[in-house]
Amino acid sequence: MVGIVIVSHSEQIAEGIKTLAGQMAGANQKIIAAGGMTDGSIGTDAIRISEAVAAADSGDGVLVLVDLGSAIISTETAFELIEPEVAARVVIADAPIVEGAISAAVQASIGATLAEVKAAAEMAKAMQKL
Amino acid sequence: MSKTLFGMIQALQETISSQEAFLTELDGAIGDADHGINMNRGFEAVITKFTEEDTDIGASLKKLGMTLLSTVGGASGPLYGTAFMRAGAEAQGKETLTLEEAEVMLAAAIKGIQDRGKAVKGEKTMLDAMMPAQDALKQAVAEGLSVVEGLEKACAAANEGIEFTKTIRATKGRASYLGDRSIGHQDPGATSFTLMLETATKYLKA
Amino acid sequence: MIQKSYTLGNKLGIHARPAAELVKLAGAYESKVTIVAGEKRADAKSLLMVMSLGAKMGQTIELTIDGPDEADAMQAFDTLIGNNFNEA
Numbered sequence: 001m002v003g004i005v006i007v008s009h010s011e012q013i014a015e016g017i018k019t020l021a022g023q024m025a026g027a028n029q030k031i032i033a034a035g036g037m038t039d040g041s042i043g044t045d046a047i048r049i050s051e052a053v054a055a056a057d058s059g060d061g062v063l064v065l066v067d068l069g070s071a072i073i074s075t076e077t078a079f080e081l082i083e084p085e086v087a088a089r090v091v092i093a094d095a096p097i098v099e100g101a102i103s104a105a106v107q108a109s110i111g112a113t114l115a116e117v118k119a120a121a122e123m124a125k126a127m128q129k130l
Numbered sequence: 001m002s003k004t005l006f007g008m009i010q011a012l013q014e015t016i017s018s019q020e021a022f023l024t025e026l027d028g029a030i031g032d033a034d035h036g037i038n039m040n041r042g043f044e045a046v047i048t049k050f051t052e053e054d055t056d057i058g059a060s061l062k063k064l065g066m067t068l069l070s071t072v073g074g075a076s077g078p079l080y081g082t083a084f085m086r087a088g089a090e091a092q093g094k095e096t097l098t099l100e101e102a103e104v105m106l107a108a109a110i111k112g113i114q115d116r117g118k119a120v121k122g123e124k125t126m127l128d129a130m131m132p133a134q135d136a137l138k139q140a141v142a143e144g145l146s147v148v149e150g151l152e153k154a155c156a157a158a159n160e161g162i163e164f165t166k167t168i169r170a171t172k173g174r175a176s177y178l179g180d181r182s183i184g185h186q187d188p189g190a191t192s193f194t195l196m197l198e199t200a201t202k203y204l205k206a
Numbered sequence: 001m002i003q004k005s006y007t008l009g010n011k012l013g014i015h016a017r018p019a020a021e022l023v024k025l026a027g028a029y030e031s032k033v034t035i036v037a038g039e040k041r042a043d044a045k046s047l048l049m050v051m052s053l054g055a056k057m058g059q060t061i062e063l064t065i066d067g068p069d070e071a072d073a074m075q076a077f078d079t080l081i082g083n084n085f086n087e088a
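Chains as they are written, first to last, in full-length UniProt numbering: chain A, 1 to 130; chain B, 1 to 206; chain C, 1 to 88.
Source of the hints: derived by calculation from the structure; they are not laboratory data.
Here the structure is a predicted model, which means the values were calculated and not measured.
No residue lacks a Cβ here, since even glycine has one placed at the ideal position from N, Cα and C.
Check the hints yourself; a few may be wrong.
To be verified - Label pairs and their computed distance ranges (CB to CB): (1) Leu97/B / Glu85/A: 30 to 38 Å; (2) Val120/B / Lys4/C: 57 to 65 Å; (3) Glu30/C / Ile168/B: 55 to 63 Å; (4) Ser10/A / Thr55/B: 33 to 41 Å; (5) Thr113/A / Arg41/C: 19 to 27 Å.
Claimed, not checked - Which bits of chain C does chain A cover? Going by a derived footprint, with three or more residues having C-beta under 8 Å, they are: (6) 15-26; (7) 39-50.
Looking at chain A on its own, in the form it has when it is part of the complex:
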């Protein structure tokens, strides 16, 4: 099953999205939050992200949802810190973090491939709310 990692500058945002997406996708779906810094401040931590990716991977790949700015660059740095074999099956979704995470988590929970899960997350870009 494809794992999901949530990268936000805020620990609470990442945890909140994890809870929300987890409720929709069910308890079996792996969703790992990697928000904020270890000292509790706002920011992104490549090492925390690399550990989250390793924890989310069960062999079928990992989709990473990111918020803004350094979240992307820290995530790309994290890919350099993990086993190349795992790094080869990890991708960042170009998607809004909340809607993308929910869509991706539900898609992953029904056994979709990494490409399908990424596409599900990225569909959220075009979703009209009103």
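Put chains B and C on the given structure of chain A with help from the hints.
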């Protein structure tokens, strides 16, 4: 006074700490006013992880880079973190460096930042100080200059690089949102790099 | 291929949570499952497509299931939709 790697890292930390407000002010003009704060938080964490026992330059720069990755918080964390780690990879097991080796390390650091930030020269980033500094080091190696002489040339080139960043528009990072309004301001990343290079040079010269 | 229509009985229609239930159920079967609500059509294995149907209480949706396990799938959907997605 004997020169040690720990002594140099302490000097870097002191510089970042004393220039925190200045770097943050520069970033306030064109970015999100956190460069000094972030770098200072990173180096405060770095200094707690080193002692005089740390003499392997490669292993130490890797540790320094990893610490910045997890403590800086903003984009300068992964950028400088990658830069120090890539530089360290070129100095594994070394306790001293030649000017030529320093040039190879700076080239690796630049490559790391380019891999991360997908930036090129002339986009008002730290590369605008780093790349001229590397060119100056390369020339100094060719001319057979000493380590300190070579580093002084690199500092001069990096400072010219900072001046150059005042004349151009930012096209990378948050400063790019300002477009032409970013002209006239020097780049905070180019400045922090130059401050660190000057600190290292002064430390070796003292 | 089997088709069946349902009138939605749950108060909020196919909002996020029922949509996720539909998608998870559809994902458990090999058959292709399509939902039509008014002018809109959705692949039932895509959460955002199902959500964007915007199907409300009282609205009729039409389910089309096509594939080797279509009969079993239809029975499972019958139960889920019949129970108002297990909500009020």
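Which numbered hints fail: none
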